[in-house]
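Peer 1: Given the coordinates of chain A, assemble chain B onto it according to the supplied hints.
Number of protein chains: 2
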Amino acid sequence: MEHLKAKVRTILDFPKPGIQFRDITTLLSDPEGFQEMTHVLANRYKDYDIDAIVGVEARGFIIGSVLALVLKKGFIPVRKPGKLPGETIGIEYELEYGTDRLEMHIDALPKGSRVLIVDDLLATGGTMQAACHLVEKAGSRVVECTFVIDLPDLGGREKLLDYPIYTMMSFEGE
Amino acid sequence: MEHLKAKVRTILDFPKPGIQFRDITTLLSDPEGFQEMTHVLANRYKDYDIDAIVGVEARGFIIGSVLALVLKKGFIPVRKPGKLPGETIGIEYELEYGTDRLEMHIDALPKGSRVLIVDDLLATGGTMQAACHLVEKAGSRVVECTFVIDLPDLGGREKLLDYPIYTMMSFEGE
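For the record, the sequence lines run as chains A and B. Going by the numbering used here, the first sequence opens with residue 1, and the numbers climb by one from there. Going by the numbering used here, the second sequence opens with residue 1001, and the numbers climb by one from there.
Same shape as in the complex, but just chain A (with noise of 0.2 Å):
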């Protein structure tokens, strides 16, 4: 996964001083990039037995999307407040400063389905936690989290400790 993981691009201080922001556009408009990130992931679900793909707002929606298409599954927008037209359910999570919320459409998810939840990047994990929260509030079960990118020095992994987590590319301490 070197290879991969040399096209994602490290920008220092965003989005705040001290910071290394991971980039994973350069890998995406990688046409070689974005069609082997893809392979690997459907490649490693293949044989799951899995209803549908939920892909977090918004880049889990690059991700989450090529992923459904490959695996012939149905795609679920996770999304910040306001943004489904439809009823909704949701959940608040708490950030480093106050707190935020996500929603997702009330009838998205048959009750009992199996569901694999997508983002890009692994960091704090609290929106994934949400996300997971959220799947099951509707009557769904997490299958597995499913990440590009993993910094594992921002302790992600603990606020996961119920879920299953793959991810494909790890920083760690550079």
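Any given hint could turn out to be false.
Each pair of labels, with its calculated beta carbon distance range [said to hold, decoys possible]:
no.: 1; chain 1: B; residue 1: 1141; chain 2: A; residue 2: 92; range: 41 to 47 Å
no.: 2; chain 1: B; residue 1: 1139; chain 2: A; residue 2: 1; range: 40 to 46 Å
no.: 3; chain 1: A; residue 1: 12; chain 2: B; residue 2: 1009; range: 40 to 46 Å
no.: 4; chain 1: A; residue 1: 165; chain 2: B; residue 2: 1165; range: 39 to 45 Å
no.: 5; chain 1: B; residue 1: 1154; chain 2: A; residue 2: 164; range: 40 to 46 Å
no.: 6; chain 1: B; residue 1: 1139; chain 2: A; residue 2: 9; range: 19 to 25 Å
Derived SDA-like pairs: lysine to any residue, alpha-carbon spacing no greater than 25 Å straight-line [what the hints assert, rightly or not]:
no.: 7; chain 1: B; residue 1: 1083; chain 2: A; residue 2: 43
no.: 8; chain 1: B; residue 1: 1080; chain 2: A; residue 2: 15
no.: 9; chain 1: A; residue 1: 80; chain 2: B; residue 2: 1046
no.: 10; chain 1: A; residue 1: 72; chain 2: B; residue 2: 1046
no.: 11; chain 1: B; residue 1: 1080; chain 2: A; residue 2: 30
no.: 12; chain 1: A; residue 1: 111; chain 2: B; residue 2: 1009
no.: 13; chain 1: B; residue 1: 1083; chain 2: A; residue 2: 98
no.: 14; chain 1: B; residue 1: 1007; chain 2: B; residue 2: 1023
no.: 15; chain 1: B; residue 1: 1016; chain 2: A; residue 2: 111
no.: 16; chain 1: B; residue 1: 1083; chain 2: A; residue 2: 72
The hints are simulated quantities; they were obtained by calculation from the structure and are not laboratory data. The beta-carbon is built from N, C-alpha and C at its ideal position, and this holds for glycine as well.
Peer 2: The following block gives chain B in isolation, referenced to the frame of chain A:
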């Protein structure tokens, strides 16, 4: 295309009273619908001379990324202000009340690239017009603007007279 159109749900009074919102999430969550939508678009463009696919945040990420995957092109996000970590170019555009701004990484497109810009829905056309201007500001060329849903009553084509447009399905006078 009528069977795909039937998978788009209409939500009354969103985002404000009197609006019939055409909700694409029910098409995306339908595995066969999502496959067919993607392959109709990919089939249209399979012989076009295109270097990259640009998707407009946020639902344009879903449609643009699957199209990029099937066409084996890179995917480039156009985003709301402050979301992209690298150096960006931006463009302001007018909304019904006030202005908004779109941004793209300044190095996302090699100069002279031939670009397909993707969004889910053509309404007033203001966002897509801004995305086209942004691609041109970056020194590249818009091959076509492509949408799944067309709302012709809102007059969006008048803002896009300089560009070829494709829309997969139209909701007119409904």
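Peer 1: Hint by hint, note whether the structure agrees.
Peer 2: Here's how the hints hold up against the structure:
1. Distance hint for residue 1141 of chain B and residue 92 of chain A: a CB-CB separation of about 45 Å, consistent with the stated range 41 to 47 Å.
2. The hint said 40 to 46 Å for the Cβ distance between residue 1139 of chain B and residue 1 of chain A, and at roughly 33 Å that hint is violated.
3. Remark: the range hint 40 to 46 Å for residue 12 of chain A to residue 1009 of chain B is upheld by a beta-carbon distance near 44 Å.
4. At about 42 Å, the beta-carbon gap between residue 165 of chain A and residue 1165 of chain B stays in the expected band of 39 to 45 Å.
5. Against the hinted window of 40 to 46 Å, the Cβ-Cβ separation of residue 1154 of chain B and residue 164 of chain A comes to about 45 Å, which satisfies the hint.
6. For the pair residue 1139 of chain B and residue 9 of chain A, the supplied restraint of 19 to 25 Å holds, since their beta-carbon distance comes to about 20 Å.
7. Only pairs whose Cα atoms come within 25 Å are accepted, and residue 1083 of chain B paired with residue 43 of chain A is rejected, the gap being roughly 30 Å.
8. With a C-alpha separation of about 14 Å, the suggested pairing of residue 1080 of chain B with residue 15 of chain A holds against the 25 Å cut-off.
9. Of the pairs offered as hints, the one joining residue 80 of chain A and residue 1046 of chain B is violated, with about 34 Å between alpha carbons and a cut-off of 25 Å exceeded.
10. The hinted pair formed by residue 72 of chain A and residue 1046 of chain B meets the criterion: a straight-line CA distance of about 20 Å does not exceed 25 Å.
11. Restraint check for residue 1080 of chain B and residue 30 of chain A: the C-alpha separation of about 22 Å stays at or below 25 Å, so the hint holds.
12. For the given pair, residue 111 of chain A sits about 20 Å from residue 1009 of chain B by alpha-carbon distance, which is consistent with the 25 Å threshold.
13. Restraint check for residue 1083 of chain B and residue 98 of chain A: satisfied, since their Cα atoms lie roughly 19 Å apart, inside the 25 Å limit.
14. Taking the CA atoms of residue 1007 of chain B and residue 1023 of chain B, the gap is near 9 Å; set against the 25 Å cutoff, the hint holds.
15. With a C-alpha separation of about 30 Å, the suggested pairing of residue 1016 of chain B with residue 111 of chain A is violated against the 25 Å cut-off.
16. For a cut-off of 25 Å, the pair hint linking residue 1083 of chain B to residue 72 of chain A is broken: about 30 Å separates their Cα positions.
Of the hints listed earlier, those the structure fails to meet are numbers 2, 7, 9, 15, 16, in rising order.
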